[in-house]
Amino acid sequence: MGPRVVYIEELRDHVGDEVTIRGWLFNRRSSGKIRFLIVRDGTGFLQCVATAKDTEPQSFELCERLPQETSLVVIGTVRADPRAPGGYELLLSRLQPVQVPEGQFPITLKEHGVGFLMDHRHLWIRMRRQFAILRIRDAVLWAVREFFKREGFVATECPVIVGTQVEGTTTLFPLDYFGEPAYLSQSGQLYLEATCMALGKVYWIGPAFRAEKSKTRRHLTEFWMAEAEAAYFDHEDNLALQERLVRYVVEYVATERRRELEFLGRDATKLLAEVKGPFARVTYAEAVRIVNGRGVPMEYGDDFGAPAEDALSGHFGKPIFVERFPAKIKPFYMKRAPDDPSVVLCADLIAPEGYGEIIGGSQRVDTEEELISQLREYSLPLEPYRWYIDLRKWGSVPHSGFGLGVERTIAWICGVRHIRETIPFPRMLDRLYP
RNA sequence: UCCCGGGUAGCUCAACAGGCAGAGCAGCCGGCUGUUAACCGGCGGGUUGGAGGUUCGAGUCCUCCCCCGGGAGCCA
Numbered sequence: 001m002g003p004r005v006v007y008i009e010e011l012r013d014h015v016g017d018e019v020t021i022r023g024w025l026f027n028r029r030s031s032g033k034i035r036f037l038i039v040r041d042g043t044g045f046l047q048c049v050a051t052a053k054d055t056e057p058q059s060f061e062l063c064e065r066l067p068q069e070t071s072l073v074v075i076g077t078v079r080a081d082p083r084a085p086g087g088y089e090l091l092l093s094r095l096q097p098v099q100v101p102e103g104q105f106p107i108t109l110k111e112h113g114v115g116f117l118m119d120h121r122h123l124w125i126r127m128r129r130q131f132a133i134l135r136i137r138d139a140v141l142w143a144v145r146e147f148f149k150r151e152g153f154v155a156t157e158c159p160v161i162v163g164t165q166v167e168g169t170t171t172l173f174p175l176d177y178f179g180e181p182a183y184l185s186q187s188g189q190l191y192l193e194a195t196c197m198a199l200g201k202v203y204w205i206g207p208a209f210r211a212e213k214s215k216t217r218r219h220l221t222e223f224w225m226a227e228a229e230a231a232y233f234d235h236e237d238n239l240a241l242q243e244r245l246v247r248y249v250v251e252y253v254a255t256e257r258r259r260e261l262e263f264l265g266r267d268a269t270k271l272l273a274e275v276k277g278p279f280a281r282v283t284y285a286e287a288v289r290i291v292n293g294r295g296v297p298m299e300y301g302d303d304f305g306a307p308a309e310d311a312l313s314g315h316f317g318k319p320i321f322v323e324r325f326p327a328k329i330k331p332f333y334m335k336r337a338p339d340d341p342s343v344v345l346c347a348d349l350i351a352p353e354g355y356g357e358i359i360g361g362s363q364r365v366d367t368e369e370e371l372i373s374q375l376r377e378y379s380l381p382l383e384p385y386r387w388y389i390d391l392r393k394w395g396s397v398p399h400s401g402f403g404l405g406v407e408r409t410i411a412w413i414c415g416v417r418h419i420r421e422t423i424p425f426p427r428m429l430d431r432l433y434p
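Heads up: the first sequence begins at 1 in the working numbering, then just goes up one per residue.
By construction, these hints were calculated from the structure, which means they are not laboratory data. Don't take every hint at face value.
[To be verified] With a Cα cut of at most 30 Å, we get these calculated DSSO-like pairs of lysine-lysine:
(1) K393 x K328
(2) K328 x K318
(3) K215 x K318
(4) K110 x K215
(5) K201 x K318
(6) K215 x K328
(7) K149 x K33
(8) K149 x K201
(9) K53 x K201
(10) K276 x K213
(11) K318 x K149
(12) K330 x K213
(13) K328 x K201
(14) K330 x K393
(15) K33 x K53
(16) K328 x K213
(17) K201 x K110
(18) K215 x K393
(19) K33 x K110
(20) K330 x K318
(21) K149 x K270
(22) K201 x K393
(23) K270 x K318
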């Protein structure tokens, strides 16, 4: 048995010790009699230093030959050295290859085009930038779970195969369910409304599918949403909850993943400043005026396009709730404002810096009469929604909820322009491989 | 679906007005005891996305198709 096996992220506690690291060869450099290996192990990257004096001869020889992405076990002494990236390095005693690649690894440390990288996504995720983003993704999802746990929400699940269309079939992926038409869910919301009447405050993190043929940096056909629904929550409770969630997530990531944010060139201080104070809050009508005032044409009744969202986020420099949209451009399940039935008690949360809408939420229709009349207004059939209507017959209460777009949130926190890098294997229009 | 841009070596790109298809990196060989995408010297590397057309001659011009990227609409 060799020295104790440790992970790179634990090295600060092992300075002076001889340890074993199991990982992959990320890069190597040589200056003749001194050779440097960069080894990664999933928790970080480590510089290993090999010299003829300190390193066992056969291992020293291998340092000059092993190709990129060789899986290997390295044994050496941990030491702190300011010349090492990360501050710690391993003085290599010996190494043992696990598997040596025959050819050259497709992804080098040089430039590559996006198309090439996407075709090699299964290997691309081993590179430093992707490593940082995916570890931030992990932190975002943990933060969401921790937040809801603290707020007393119950974790639950929604079906992914559904028979009901939420708003028209064009955005749904159809499925043959033993001869019955079925779809991949575009949101768990309707089911969450049922579940919150049983468990009070509920949330789930699950996939959502949109068959829309959109081709932008903000869209995936398969993406993840953190959805919450709470009985007895009105519109105001809903916004307060969302604001606490977003602030919690950002503060959590800024603390737990500072190193990764730094690597991405993201200024954690700026992020924290953006969520520190109360979020901006405007009505849809005010938002339209602001957008117009910044030179982006749009009329009352239009939905916000990407340029309009960018204009808004540029105006405030912090997250913005846009409330009270015209009912006509929002789905059937949103509750009308009591003082103005042409608008609904909803809000979209627009992220700062042009990252777009990260939350959509609303107070829901809670009476059977309203619900049936709105389904009719939207020309939707009542039959598939029978169970949903049923909820309004048996102790219906005011309730509200929202869905947070996980990838857009990660893109904003990471400061990456395209959300395809925020999920291990993005599904997009014309992108099903790998 | 629409509007742009592109497809040349393993990768990133160049090639004037139609006239011998090139560079950097990667790879291989050699050098270097503190490298940071290391550096220095040498070597090999091509059905120019596909099909057809114009021409003495096509990477370059024309037609169709395929693929990729950027943006729009729709949304989280």
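Violations among the numbered hints: Violated hints: 7, 9, 10, 17, 18; rest satisfied.
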